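Please take these sequences and the hints and turn them into a complete structure.
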Amino acid sequence: MTKTQKQLSSFADGSADIAQWIESLNIPPTGARLLHETCQLAYLTGGDHQTPYGDSCFLHGLETAEILNALHFDHETIAAAVMYPIIEFTDLSLDDLERPLGKPITSLIFGAQQISVIAQMQHNTRNTQQIDNIRKMLLAMVRDARVVVLKLADRLSIMRALRNQASYTRHTLAQETMDIYAPLANRLGLHAIKWELEDLSFFYLETEEYKKIAKKLAEKRMDRDAHVHSILATLTHALKAENIQAELKGRAKHIYSIKRKMLRKNVGFDEIYDAIAVRVLVETIENCYKALSIAHTLWTPIEKEFDDYISVPKSNGYQSIHTAVTDQTGKHFEVQIRTFKMHEDSEMGVAAHWMYKEGKSKQTAYEEKIAWLRNLLEWQKELSHDEQLPEELEKNVFTDRVYVFTPLGDIIDLPAGATPLDFAYHIHTAVGHHCKGAKINGKIVPLTHPLQMGDRVEILTNKTSTPSRDWLAVKQGYLKTSAARAKVLSWFKKQDFEKHVAEGRATFEREVEHLKINSPNLSRIATRLNFKTPELMFASLGHGSLRLAQITNLISSEIPLVEKKPLAIKSEIKTTKGSDYITVQGVGNLLSKIARCCKPLPGDPIIGYITQGHGVTIHHRDCENLKNLSEEYASRLVEVEWNEQSRKKYPIDIEIIATDHSHLLHEITTIFANEKINVTHFASTPDKKNMQIKITLTIELDHLELLPPLFAKIRQLPQVSEVKRQTLTR
Numbered sequence: 146m147t148k149t150q151k152q153l154s155s156f157a158d159g160s161a162d163i164a165q166w167i168e169s170l171n172i173p174p175t176g177a178r179l180l181h182e183t184c185q186l187a188y189l190t191g192g193d194h195q196t197p198y199g200d201s202c203f204l205h206g207l208e209t210a211e212i213l214n215a216l217h218f219d220h221e222t223i224a225a226a227v228m229y230p231i232i233e234f235t236d237l238s239l240d241d242l243e244r245p246l247g248k249p250i251t252s253l254i255f256g257a258q259q260i261s262v263i264a265q266m267q268h269n270t271r272n273t274q275q276i277d278n279i280r281k282m283l284l285a286m287v288r289d290a291r292v293v294v295l296k297l298a299d300r301l302s303i304m305r306a307l308r309n310q311a312s313y314t315r316h317t318l319a320q321e322t323m324d325i326y327a328p329l330a331n332r333l334g335l336h337a338i339k340w341e342l343e344d345l346s347f348f349y350l351e352t353e354e355y356k357k358i359a360k361k362l363a364e365k366r367m368d369r370d371a372h373v374h375s376i377l378a379t380l381t382h383a384l385k386a387e388n389i390q391a392e393l394k395g396r397a398k399h400i401y402s403i404k405r406k407m408l409r410k411n412v413g414f415d416e417i418y419d420a421i422a423v424r425v426l427v428e429t430i431e432n433c434y435k436a437l438s439i440a441h442t443l444w445t446p447i448e449k450e451f452d453d454y455i456s457v458p459k460s461n462g463y464q465s466i467h468t469a470v471t472d473q474t475g476k477h478f479e480v481q482i483r484t485f486k487m488h489e490d491s492e493m494g495v496a497a498h499w500m501y502k503e504g505k506s507k508q509t510a511y512e513e514k515i516a517w518l519r520n521l522l523e524w525q526k527e528l529s530h531d532e533q534l535p536e537e538l539e540k541n542v543f544t545d546r547v548y549v550f551t552p553l554g555d556i557i558d559l560p561a562g563a564t565p566l567d568f569a570y571h572i573h574t575a576v577g578h579h580c581k582g583a584k585i586n587g588k589i590v591p592l593t594h595p596l597q598m599g600d601r602v603e604i605l606t607n608k609t610s611t612p613s614r615d616w617l618a619v620k621q622g623y624l625k626t627s628a629a630r631a632k633v634l635s636w637f638k639k640q641d642f643e644k645h646v647a648e649g650r651a652t653f654e655r656e657v658e659h660l661k662i663n664s665p666n667l668s669r670i671a672t673r674l675n676f677k678t679p680e681l682m683f684a685s686l687g688h689g690s691l692r693l694a695q696i697t698n699l700i701s702s703e704i705p706l707v708e709k710k711p712l713a714i715k716s717e718i719k720t721t722k723g724s725d726y727i728t729v730q731g732v733g734n735l736l737s738k739i740a741r742c743c744k745p746l747p748g749d750p751i752i753g754y755i756t757q758g759h760g761v762t763i764h765h766r767d768c769e770n771l772k773n774l775s776e777e778y779a780s781r782l783v784e785v786e787w788n789e790q791s792r793k794k795y796p797i798d799i800e801i802i803a804t805d806h807s808h809l810l811h812e813i814t815t816i817f818a819n820e821k822i823n824v825t826h827f828a829s830t831p832d833k834k835n836m837q838i839k840i841t842l843t844i845e846l847d848h849l850e851l852l853p854p855l856f857a858k859i860r861q862l863p864q865v866s867e868v869k870r871q872t873l874t875r
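The sequence shown begins at 146 in this note's numbering and counts up one residue at a time.
Take these hints with a grain of salt, some might be off.
[Claimed, not checked] Derived PhoX-like pairs (lysine-lysine); straight-line CA-CA distance at most 25 Å:
#1 K858 <-> K638
#2 K858 <-> K839
#3 K476 <-> K398
#4 K608 <-> K581
Since the hints were made in silico from the structure, they are not lab data.
Quantities reported herein were computed from a predicted structural model and do not represent experimental measurements.
In structure tokens form, the structure reads like this:
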């Protein structure tokens, strides 16, 4: 029976007890009035109701309130604690209480109910990741840290009352407490609650092991107490001799803490150096180190059992000096030294042992949120008016994440603002591709609907459904996550490939029919153009990165083609060299240069244009600048051809469209470097609307045949949606 039950059990109506009990809490008058009204309401509405754990709802609420009062919580939280069991275990609804109690108190009770529902999910899983997701979700779903502490105090009261319950009930609640509530208490820095929850859970889960350790502690209790008294007396005398004001306290470590250390170090009970711990509290950091020096002078320090968390605080802000020592009789014990302020932080708001004790890796963003909740506890103590909670309560708790459920109850962690479509792609790419709709909490919603904390999401699929290009439009709001967006882009890239194959094949077949070529060897042509398969060649042709003339020129070297009349050119007999890379027909020895407008490459069909004073300019036959020449200027056109013996390098402009990515430029330039291709110009233009980037480059090649395999390598980059040659479009 608890202290609260003993105080109140002898009164028939509870009224005298209520007044006496409230007076013992030392609450200010305003809070006392609210608490008195709440206690009367709780007694009238549920005083004779029992909890499933054997105590009355009324007394259970008072004990929970006492726990919170010891932590210096505000009167609203304490009042909510009194009323919470009535709502939890009777038919009374929150709507019935909002008028007499007010919205702030009923909101706290509602938040605690949410935690109960989510924590019960732990019963269905022993998966470590899922349990951790449940812990995160508990903190994420509450906008007021007081809700978490209210539920922790309620759970501690329940655990204290479990001794007479059935074994299954004890085991189930103990496991839930060990998995969910004790770690939450630890993260909030509520060490007194954490230690008691752990010890009670350990007792119910491993009763025999608990009793073994407790027995070992009890067997040596008198010796231990005498040893602690001797340590305290020796250290107190030495500190006073150095004029150091200090407060000392000795204790045995908590049973579950000892068990964890035995497992972690793989040692027996007798080898735990800090089963006894002495705490030294001083005023200044300087005195901390003086006290350490005194302790190491009095006793022998144990190597590798020293940690200075003052000079190098733990990542969660915890500060203290820990040292294990051996006295003259060979007994080991631990000395913890810190300032009064450091101790207050560690006891009332610093989750000091989260990393150290639980052995978790650091998750920076998440731990920052925990640090904020920890600071909130300190603010609560400092607030003189409890109603004026900081605005950060509304803004800062997990605004960047949302936790939702699958139909089977698993928790999915997504960025805030994520949609059902993001959820679908998170589950599986195929689920996203075939998504046709979604239900949230049983109701059909648009695919653009932002998911809310705790939503149960069901994706509706159809085998014939496929992605829409609208999904990629940022303003439409279908997708929040880059992972889902990349999967949609990949799908369209694959569909575009098949479309380009069909278009390229149709273009090729029309040209073959026009040229009256019978059964060309497609595999041979593709290989000659450096494509692994004819399909890749047709895709490149349909996309535009391969020109039809390149294929027909190649075929013409093996199959006689019908002569096509040159564009307004009179061919002469004599042939002279215009340069070492171009053969100019019908004219004297003229200089030649590549036209900047179309930049043809060896392998492109070309034609020469005689300029005034600058020799012959070499154009692509399809160059836009030559299409509408007057008859006067057309007479300057001359037949030219590539000199296949030359390996001169020529400039060529290419354009790449891709999703913006920090490593994209590095990956593209690596391809050029590996192919030993020189890049002479680079420019990029971001398209923020479509979350893309357009890259234009000028590179140097000595033959057109090098272009298709280069484009193929660039297209293999997952961010790239398009790559093409910039020539005749200028």
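How the hints compare with the structure:
A hinted pair counts as satisfied when its Cα atoms are at most 25 Å apart, and K858 with K638 qualifies at roughly 15 Å. About 18 Å separates the Cα atoms of K858 and K839, which keeps this hinted pair within 25 Å; it holds. Straight-line distance between C-alpha atoms of K476 and K398 comes to about 15 Å, which keeps the hinted pair within the 25 Å bound. The straight-line distance between the Cα atoms of K608 and K581 is roughly 9 Å, inside the 25 Å bound, and the hint therefore holds.
Of the numbered hints listed earlier, not one is contradicted by the structure.
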